[in-house]
Each structure stands twice: as C-alpha cells, then as structure tokens.
Amino acid sequence: AQKITQTQPGMFVQEKEAVTLDCTYDTSDPSYGLFWYKQPSSGEMIFLIYQGSYDQQNATEGRYSLNFQKARKSANLVISASQLGDSAMYFCAMRPTNFGNEKLTFGTGTRLTIIP
Amino acid sequence: GAGVSQSPSNKVTEKGKDVELRCDPISGHTALYWYRQSLGQGLEFLIYFQGNSAPDKSGLPSDRFSAERTGGSVSTLTIQRTQQEDSAVYLCASSVGDTQYFGPGTRLTVL
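Going down the list, the sequences are from chains A and B.
Residues in the first sequence are numbered from 1 upward in steps of one, following our numbering.
Residues in the second sequence are numbered from 1 upward in steps of one, following our numbering.
Incorrect hints may appear among the rest.
[Said to hold, decoys possible] Here are the simulated DSSO-like cross-link-like pairs (lysine-lysine), alpha carbons at most 30 Å apart as the crow flies:
no., chain 1, residue 1, chain 2, residue 2
1, B, Lys57, B, Lys11
2, A, Lys73, B, Lys57
3, B, Lys57, A, Lys3
4, A, Lys16, A, Lys73
5, A, Lys70, A, Lys3
6, B, Lys15, B, Lys57
Honestly, the hints are just simulated from the structure, not real lab data.
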C-alpha cells in the first residue's frame, strides 16, 4: 500500500517569494514515480512535475523544482518567484512504476494563496 | 492538441436515478483512469483501463458503479441507483507513459 502525507493544509506567501510545499510518502514498491499537480478554482488537475525514484537528479520544470530526498521519503515542491496565478490547491501523488499497477495515490493537498 | 474532455460538466440528479459520465481521452493514449474527488474522501482511484487488458476495478466503491471503454478510446462511467454519497467530482485521466493528464471533471450532485 502507498500513502502520501501533505501536512500543510494552507499556506500564504507573498508574491515573488519562493515557496516550498511539503510531501512525504510511504511505499513498499522498489520503483515508483512521484508527481505534483495543481488544481485551480476551475477544478482541472494540471500536471506540474514528475520524479522517478531512480532518477539521480532532482526534476525541474521552469519555476517548479522537486526536492527529492529518497532516504527521508520526501518529495517537496519548490516554486520560485511566486505569482498570483500560482494560487491553487497543490496535490502530491505517487504510483508504482510496474506495468499494470499505475493508479495514483494522492495526498490531501495544500491550498496555496499568493498575496500581492 | 486537444486534452482530455469530459461531459457533462455538471449533472444534477435525483436519488435512485442512473447517470452516465463520459470521458474522451487524448488521442493515442492507451491508458484511461477514473478518479473521484469528494470533500470527505479526497481523491480516490476508481478504475483503470490499459489497452485491451482487463480493467483494474479495484477502486469501485460498490456494484452500482461500472465503466466501459469502447474501441480503446471513449469511456463511460455509469452509476446506478445514485445515492447522496455519490455526490462528487468525477475526474478522468489518460496517459501513454508515466504522466496522467486529467480532464476538467464532471460535478455530480445527487439530491
């Protein structure tokens, strides 16, 4: 079984500051993938970034980076130079990477509010 | 290209009625997933289709829920004899590799 824990139900951050959203996970699978999704008030889940458990380097996508610490089982999302449009719910998710078992397990999410 | 589309965007129904929710995946994506997002339960996996393999139905909450995928493309999620606890946003996703791409969801309200 897999479990994702997001301990920050809500965060308020000043515009242009960097923000770190916490995510810890638990799994017995030897190979897995970690994901972050953004869900604005419109409701659509938007894929942000992916990290494979065997990737040597932390994933980056534009202003998003994933601080992956395998030994600590953490996969924190870092957003640099936050913008008003970053206000949304953010979900951390994971799944095993073995074929046929690809369902995502989600955390409870963090609601991020960017203050102008 | 076009993303995952879902219809209807909103559905209000009376308790006991059947509903059908539709998902059009991204063209060429072999895998299709249904999830449910509700206030009390968060995001839950429902069912997963991969190519011509038998679907993984392990997340369906009861036998009132069923889904099919025709021609390896469009999928329909059917809820029979709806109950108030079925009220939620039903999200569909598709993938061809590691990443699942989600549609806008169908908000189901059971009165």
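Okay, the hints, checked on the actual structure:
{"no.": "1", "hint": "B:Lys57 to B:Lys11", "in the structure": "holds (23 Å)"}
{"no.": "2", "hint": "A:Lys73 to B:Lys57", "in the structure": "holds (29 Å)"}
{"no.": "3", "hint": "B:Lys57 to A:Lys3", "in the structure": "holds (20 Å)"}
{"no.": "4", "hint": "A:Lys16 to A:Lys73", "in the structure": "holds (28 Å)"}
{"no.": "5", "hint": "A:Lys70 to A:Lys3", "in the structure": "holds (15 Å)"}
{"no.": "6", "hint": "B:Lys15 to B:Lys57", "in the structure": "holds (24 Å)"}
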